[in-house]
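Taken in sequence, the protein lines are chains A and B.
Count the first sequence with my numbering and you get residues 1 to 182, in order.
Count the second sequence with my numbering and you get residues 1 to 64, in order.
Honestly, the hints are just simulated from the structure, not real lab data.
Every residue gets a Cβ at the ideal spot worked out from N, C-alpha and C, and that includes glycine.
None of the hints are false.
Label pairs and their in silico Cβ distance ranges:
(1) B:Ala53 / A:Gln48: 32 to 42 Å
(2) A:Arg114 / B:Ser11: 15 to 25 Å
(3) A:Val117 / B:Arg13: 17 to 27 Å
(4) B:Ser11 / A:Ala170: 26 to 36 Å
(5) A:Arg115 / B:Ala37: 29 to 39 Å
(6) A:Leu17 / B:His3: 37 to 47 Å
(7) A:Pro68 / B:Arg57: 19 to 29 Å
(8) A:Phe164 / B:Gln8: 24 to 34 Å
(9) A:Arg162 / B:Thr16: 15 to 25 Å
(10) A:Val71 / B:Ser11: 41 to 51 Å
(11) B:Pro6 / A:Phe164: 20 to 30 Å
(12) A:Glu159 / B:Ala7: 16 to 26 Å
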Amino acid sequence: MPDLSPVLLFARPLNRLGAAYMIVGSVASIAYGEIRTTNDVDLVLEFQPRDAVRIATEYPAAEFYCPPEEVLRIESARAHRGHFNVIHHATGFKADFYLKNADALSDWAMRNRRRIVFEGEELSFAPPEYVILGKLQFFREGGSEKHLRDIASMLEITEVDREFVSDHAARLGVVEEWRRCG
Amino acid sequence: MSHLHPAQRESLRAMTPARRLELGMQMIASARALQAAAIRAQHSDWTPEQVSAEVRRRWLYARS
Numbered sequence: 001m002p003d004l005s006p007v008l009l010f011a012r013p014l015n016r017l018g019a020a021y022m023i024v025g026s027v028a029s030i031a032y033g034e035i036r037t038t039n040d041v042d043l044v045l046e047f048q049p050r051d052a053v054r055i056a057t058e059y060p061a062a063e064f065y066c067p068p069e070e071v072l073r074i075e076s077a078r079a080h081r082g083h084f085n086v087i088h089h090a091t092g093f094k095a096d097f098y099l100k101n102a103d104a105l106s107d108w109a110m111r112n113r114r115r116i117v118f119e120g121e122e123l124s125f126a127p128p129e130y131v132i133l134g135k136l137q138f139f140r141e142g143g144s145e146k147h148l149r150d151i152a153s154m155l156e157i158t159e160v161d162r163e164f165v166s167d168h169a170a171r172l173g174v175v176e177e178w179r180r181c182g
Numbered sequence: 001m002s003h004l005h006p007a008q009r010e011s012l013r014a015m016t017p018a019r020r021l022e023l024g025m026q027m028i029a030s031a032r033a034l035q036a037a038a039i040r041a042q043h044s045d046w047t048p049e050q051v052s053a054e055v056r057r058r059w060l061y062a063r064s
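Just chain A, with the same shape it has in the complex:
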């Protein structure tokens, strides 16, 4: 059974493309906090309509489900919250690609990505503050306690600029959720 690391399955093609991306979500919370399993990889990607062909080529249909180029173009044209999935057929691993919003926080996170070398591959991770703010928003929208648990472990394990998170939590309307993280 092919049991490649899910993070490499999806990030390596982006490195080959020279794409600007950052890993967020549960995989980032593993790097910054508690070790746990996950079945998907969340990435924020800078993506232009012209990149659709290159993405489709890097995730070939024989190995991956990747949306048609037309769908990728439509998603990339969204001003906010563009999104698509890629699924690896052989393992069932899934990647959620969130297209980078044109806002100051996302710009800051992209400029301050952290490089982690894993199995010889340099991977780009969002700063922990950005990962936490993302999880606070996911918790507000879906209510899954796993996000709060991930945040708690990141706060315990990794140095986090809490003032920065507080400031942006207020702007994003997740102050109550942030308070619950203590």
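Fit chain B to the known structure of chain A by using the hints.
Same frame as chain A, but now just chain B:
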């Protein structure tokens, strides 16, 4: 709202992010191998391909 044992916290703090990532990815591989073993035990007549397909199906539709 800490849920980590103090010793666990210290161990995790002593690791680099790359090491935590490595252990996380190993944990995923182990979970899949364990799941495959459990499926084989439950369905001794299944081929390796059927076992792989079932692991894939469970991960694809799992809630993480």
